[in-house]
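Residue numbers (the UniProt record's numbering), protein chains in the order written: chain S, 1 to 478; chain P, 1 to 478.
Calculated from the structure, these hints are not laboratory results. There's no promise every hint is true.
No copy is singled out in the list; a pair is fine if it fits within one copy or between any two copies.
As the list claims (entries may be wrong) - As a list, the in silico DMTMM-like pairs of lysine to aspartate or glutamate whose alpha-carbon atoms are at most 25 Å apart: (1) Lys253 - Asp455; (2) Lys56 - Asp254; (3) Lys372 - Asp127; (4) Lys249 - Asp175; (5) Lys220 - Asp327; (6) Lys253 - Asp463; (7) Lys473 - Asp447; (8) Lys220 - Asp423; (9) Lys442 - Asp424; (10) Lys442 - Asp357; (11) Lys220 - Glu385.
Number of protein chains: 2
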Amino acid sequence: MDERYSMYASFEGRVLIIGYGSVARAALLLILRHIAVSPGRVTVLTRNPIDAALQKELGVQTITATVTPENYQQILDDQLGEGDILLHLTAGISSYDLIAYCLSHGICYMDASLEEWPGVVHGEKGDYRARCDYYNRMRVRSLDSNDASRRSTAFIANGANPGLVSYFLKAGLLDIARDTGVPANPHTREEWAALAEMLQVKVVHVSERDTQRSVTSRTKGVFRNTWSPEGLYGEAVLPAEVGWGTHEKELPKDAKLHDTGTGSAIGILRPGCTVQARSWVPLTGPLLGMVISHNETLAFADYYTVRNDAGEVVYRPTCHYVYYPADDALASLREVVASNFERPRETELLIDDIVSDGGTDELGVLIAGHAKNAYWIGTSLTIEEARKVGMQVNATSLQVAAGILAGMVWIIEHPHEGIIEADDVDHVRALAIAAPYLGTIKKVYTDWTPLAHLDTSIVPRGDRDLDDPWQFKNIYVP
Amino acid sequence: MDERYSMYASFEGRVLIIGYGSVARAALLLILRHIAVSPGRVTVLTRNPIDAALQKELGVQTITATVTPENYQQILDDQLGEGDILLHLTAGISSYDLIAYCLSHGICYMDASLEEWPGVVHGEKGDYRARCDYYNRMRVRSLDSNDASRRSTAFIANGANPGLVSYFLKAGLLDIARDTGVPANPHTREEWAALAEMLQVKVVHVSERDTQRSVTSRTKGVFRNTWSPEGLYGEAVLPAEVGWGTHEKELPKDAKLHDTGTGSAIGILRPGCTVQARSWVPLTGPLLGMVISHNETLAFADYYTVRNDAGEVVYRPTCHYVYYPADDALASLREVVASNFERPRETELLIDDIVSDGGTDELGVLIAGHAKNAYWIGTSLTIEEARKVGMQVNATSLQVAAGILAGMVWIIEHPHEGIIEADDVDHVRALAIAAPYLGTIKKVYTDWTPLAHLDTSIVPRGDRDLDDPWQFKNIYVP
């Protein structure tokens, strides 16, 4: 135990971490710093053997195994029991199956995004909508209706986004309430949704710009990213998804509603990496990013829905991701689109090769349409700040790890809650735990709107809604 | 006269060059090398005074003036007379007005793209299609119907593209004919079009990848390009335009036919910088680029149209540009889209600051759909090769200048031809003149198609035409 670091919780059980990519690496460093857990009780499971130096450096156990639909139960039987924690931080392993196992064995669970076995999609067969994350999330959440679920907590999709952005959104809503003189003391989901409605929030963007870059030039055909390249590829080829606000007048072309579930989101039926939208971050101002499907925006849409007594939806903001990734990642995605979405054969994680020049991952929520127009709140973390935590850490992985740390503390403090998303937990404590690893927390109002500086002669008539800047048709770039 | 360089023509008259951007600079260097003209008879007109060193270096005259609709006639009266040459190489001055003046005064004329006075569009008022270059080109070509036009030659849109690519297309068609055993000896437009039809060419892409980059990082808000940033901005916010082939089964969404003129092209009614398509270049293989409106693709569509005796169109290839500009230019355009197409306030030309690392402008035509699938022919010129010509020259400007040089020679040899486009002139001589400045001339067959490696589970059903890879719906990325 290092006296320099605050201890937020202590844990006697075992922790199994599946995966040891950049996020798991950073998360493990933070967990060992801030949670009183014996390193010998922590096991890292990876597909390929990892450096023995890791055991030496951190004192954790390591095992090597390829987790499959056939063997995951045996592996979990061997490694975990009631009261233990499973931290799932790799692509290509079904969150649903692991959660179902954990809930029925009294094991707590967390992941940073909902994953599936390779090639598995949900929803109706032959319907392109089946690829929407909407169905995967709905299916996972359905596990909660099982009484047995209360035996443990499964905290799903809690990294940076999804994860931290939920905490920022709540903090932002309270800031806007304060600054516009709206009394606010929300505790329940219904009260939070009512607050968003009262503030007349029309739009919530998760907006992100990542300016980290490598000292080396990317080689053609190599898919680079500042976090799992496979993970980015996987989500970028899913249909774009948008939590669909009640103020919207017009469905975009190629968009479809869903027939089942809460109906809170639409799918834009093209791979998200080809769907672009305008947003804003403090670092660059206006931003063109990709509308990549992400759990948090589906979760926001459900969490911030207000229904009347008849159960009809009367309020919901439009919620989606606008992601301008690292330049190398964007160029890699251009190659993917050019090559008909073929899976990249070679990948590179940008990590210790990132230039020390202030490269920043700036990630937050743009909350817009209210009396003060738009408010951005989030984390702006430089590579230099991230590297203080250790080697093989970058700004992106540290932001995700900070969310995971906050979630781990919450799980330890609340081990019997069933399925949980970040919107369900106390954002104040979560941000307090995460903040030391988030660089500058920026909080800024902007007068930017998606109609700013519009030269109407350059866009076709009818392409924009000049009466309401926060219509999706002004944000979306068809 | 420098003995090292071939002299292709000699000219006794005066030459007025309007503009002295990177292209004009490189063109002037080549003209003085390869055309026997007295430098003292060459005048460079610029809006801002240019370095006195230029006069000293090259011995040319310089004048400073802002050319406007009100004063252009007076300026031309002062500078030029019958038998002289006007070389128009700047944005924001109407090609139409200058051509009309030149044709009626017996002055030869050339430009590297059709320009207009700021803010002027043609076509029907209030119709977004009016912004299409189609109307500007049609209007300029209509000048040819005037008998007086035969008093001089106006060679329009003859740089690299438009320009060189017309010569490459003809050379490519002959190569394909040779390699597929099709007898070919075309001379007239009708014979060239018939050859393309006989070869079953469905698609002609002008495909370009520019990998030149600066030693310095781009500052947010600064629009960078390897040629006129203002020029790229100007064409990138015009509607995308596509010469529309007879094999196409389905108009893309947002596309409109034209009601007047030859009807050979469609407009995709969104700014071209938001319209993306797949193509292929040798340097990178598959390529995602922008379908930016360009004169050459409209010209190809007309030139390679075959009509039956009843005047009905029976054959035309689909022709368009697929442009992946320098990374900094692409990032600049992302800012333009994010900012609602606002004109950039600050620009930077990448020129002497370009890294000497093999950065290349690779530009050519992909001729596809024939018996040998697809053939790419074009120029692949590195920054190092370009710099051998002089300071303030890059790969892009030298390619354009090489086309201009070939065109200048043609004008001097053919001074009474009226309106001419690059498709109308002898490609063999033009390429022979340009080739020494084009680096490697690549000629390569590829088995790539826009359906290559397609994962059909990732795209919505109906999004592609699996029966014909060369349908625009496979190429276009909606």
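For each hint, the structure was consulted:
1. Lys253 - Asp455: So Lys253 and Asp455 pass the 25 Å test inside a copy (23 Å) and across (23 Å) alike.
2. Lys56 - Asp254: neither (53 Å within a copy, 61 Å between copies)
3. Lys372 - Asp127: For Lys372 and Asp127, neither the intra-copy (41 Å) nor the inter-copy (36 Å) Cα distance is at most 25 Å.
4. Lys249 - Asp175: neither (28 Å within a copy, 55 Å between copies)
5. Lys220 - Asp327: Both: 14 Å inside a chain and 14 Å across chains, each within 25 Å.
6. Lys253 - Asp463: Classified as both: same-chain Cα gap 12 Å, cross-chain 13 Å, threshold 25 Å.
7. Lys473 - Asp447: This pair counts as within: shortest intra-copy Cα distance 19 Å, inter-copy 39 Å.
8. Lys220 - Asp423: Neither. Shortest intra-copy (40 Å) and inter-copy (34 Å) distances fail the 25 Å Cα cut-off.
9. Lys442 - Asp424: within (23 Å within a copy, 60 Å between copies)
10. Lys442 - Asp357: within (20 Å within a copy, 38 Å between copies)
11. Lys220 - Glu385: Cα proximity of Lys220 and Glu385: across copies only (22 Å, versus 30 Å in one copy).
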